[in-house]
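Asker: Sequence:
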Amino acid sequence: MKQKNLRSRIFWLIDSIKGNHLNKHLNEINTVLTNPENKTSRNIRENNLNNILQHAVNTTPYYSKYINAKSVFDFPVVKKNLIQDNFEEFRSKPFIDKKNFKVSTSGSTGVPFFLFQDKTKRDRNKADVLYFLNRCDYNIGDRLFNLAVRLKQSKTKRLMSWLQNVALIEIGKLNNEKIIEILDQVKKDRNKNKVMLGYASGFESVIDFLDNNSYDLKDINLNSIIVNSEYLSRQTKKTLSKYFNTQALSRYSSEEVGIVAHQTLDSVDSFVLNHASYFIEVLNFENDDHVKKGEIGRIVITDLFNYAMPLIRYDTGDIAKYNINEKGITEFERIEGRKLDLIYNTQGNVLSSYIVYKKFYNYYHLLKQYQFIQQGEKEYEIVLNLRNDTFGFEKELIQDVKNDFGQDAKVLIKYVNEIPPLSSGKRRKVVNNYKT
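Each residue of the sequence shown is one higher than the last, beginning at 1 in this note's numbering.
Treat the hints as calculated values from the structure; they're not laboratory data. We put the beta carbon where it would ideally sit given N, CA and C, even for glycine. One thing to keep in mind: the hints can contain errors.
Derived DSS-like pairs: lysine-lysine, alpha-carbon spacing no greater than 27 Å straight-line [unchecked claim]:
(1) K187 with K368
(2) K358 with K293
(3) K98 with K79
(4) K321 with K79
(5) K188 with K238
(6) K242 with K368
(7) K98 with K80
(8) K178 with K238
(9) K65 with K102
(10) K218 with K187
(11) K242 with K218
(12) K358 with K410
(13) K93 with K65
(14) K70 with K292
Pair by pair, the computed Cβ-Cβ distance ranges are [as the list claims (entries may be wrong)]:
(15) T390 with N27: 54 to 62 Å
(16) N50 with S214: 52 to 60 Å
(17) K410 with V350: 17 to 25 Å
(18) H290 with I413: 36 to 44 Å
(19) E286 with T390: 37 to 45 Å
(20) N388 with E170: 26 to 34 Å
(21) D219 with N20: 36 to 44 Å
(22) E377 with N27: 48 to 56 Å
(23) K192 with V268: 18 to 26 Å
(24) Q347 with N5: 53 to 61 Å
(25) L6 with N51: 32 to 40 Å
(26) P420 with T34: 41 to 49 Å
Construct the complete structure from the given sequences, taking the supplied hints into account.
Answerer: Written out as structure tokens, the structure is:
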């Protein structure tokens, strides 16, 4: 980090007093991700993986039965429900009586999931955030506008927010007045370097406002926009970049683990994988075989730093397509959302959710919100929240769906005044009520 302002100096002084933990993590992350495939990086990654595997088999009841495992691939893939049903079995005995941190998520289905993290894991997550923010042109002391739902902070977190120059903005009710208030706040802010961070659905509401209202964004001067927690469609990404004259970048992370992948200013259309903090796999939907390059599969991760509650080959429930770039480094070409939101054509074949998103691009100017639901083997429901009273393209939209899903598809269009978000504040655009 090259930032020399007062906030940055105080931040790193505090870290130095506490043992220089964040700085050490940040240096290791930078070393590994600068070139994940060189000898130094591979040695660090292998050591971190071997250390967590040995720790897991020696200190947790669940993994103790795999003490003779020769590699990570000898461990089973585990899912959320298995962990929750056998919660104490996954806890590391030496850490049970230590100070741990409870992290939880409601998940896209609304089913609660939580686990514990130790202090080292918390520090690693913070360092991951700082590293990827830096690759989105943010340094400590720059202005970060964090648009989020249900903002609650302790005194310590408020201090760290001040040091990092973070403006926390509640977006629980994002109407036109609130959007104007946010845009005015960002525009009038005198910091030279500014970044916005928030949900895709929140930014979609901002786009909706800008599409239908006159607002001068000429002097808003953002370094970048980071979209987290939800799928960022190509259309939303493109439109955000156009309106704000900066790159809109997607972050793939979760409360229970941290940042697994991130688009950056030097990787705007693909996701840099966080090889420094996770061992990442993409597996088949039907079995635990690895998919081939260019195929869609389940994202499965091994957390290299949570010693309080090791997660070995943890199925995140999300799906992605991976590729290998010109430098020989594995990256995510696309992250498609959750496996629970996979959809099938009338022949039972999996279709990419991207196919659904594309069907609505031509109608964005007519819609406030939309949702695509598979209700049965051949039954599909389209839920529309319109800007105006009528939608004159029912036949075209239904036929477009049949072209990809099957001519025998039964497609119903339903009109509503609001598509409510989940308790987390997120909105699901694609839902499968047929295969869950």
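Asker: Now tell me if each hint is right for this structure.
Answerer: So, going through the hints one by one against the coordinates:
no.	hint	in the structure
1	K187 with K368	holds, 25 Å
2	K358 with K293	holds, 23 Å
3	K98 with K79	holds, 25 Å
4	K321 with K79	holds, 20 Å
5	K188 with K238	holds, 25 Å
6	K242 with K368	holds, 20 Å
7	K98 with K80	holds, 24 Å
8	K178 with K238	holds, 23 Å
9	K65 with K102	holds, 26 Å
10	K218 with K187	holds, 9 Å
11	K242 with K218	holds, 11 Å
12	K358 with K410	holds, 19 Å
13	K93 with K65	holds, 15 Å
14	K70 with K292	holds, 24 Å
15	T390 with N27: 54 to 62 Å	holds, 59 Å
16	N50 with S214: 52 to 60 Å	holds, 59 Å
17	K410 with V350: 17 to 25 Å	holds, 19 Å
18	H290 with I413: 36 to 44 Å	holds, 40 Å
19	E286 with T390: 37 to 45 Å	holds, 44 Å
20	N388 with E170: 26 to 34 Å	holds, 30 Å
21	D219 with N20: 36 to 44 Å	holds, 39 Å
22	E377 with N27: 48 to 56 Å	holds, 53 Å
23	K192 with V268: 18 to 26 Å	holds, 22 Å
24	Q347 with N5: 53 to 61 Å	holds, 59 Å
25	L6 with N51: 32 to 40 Å	holds, 38 Å
26	P420 with T34: 41 to 49 Å	holds, 44 Å
In the structure shown, no violation is registered for any of the earlier numbered hints.
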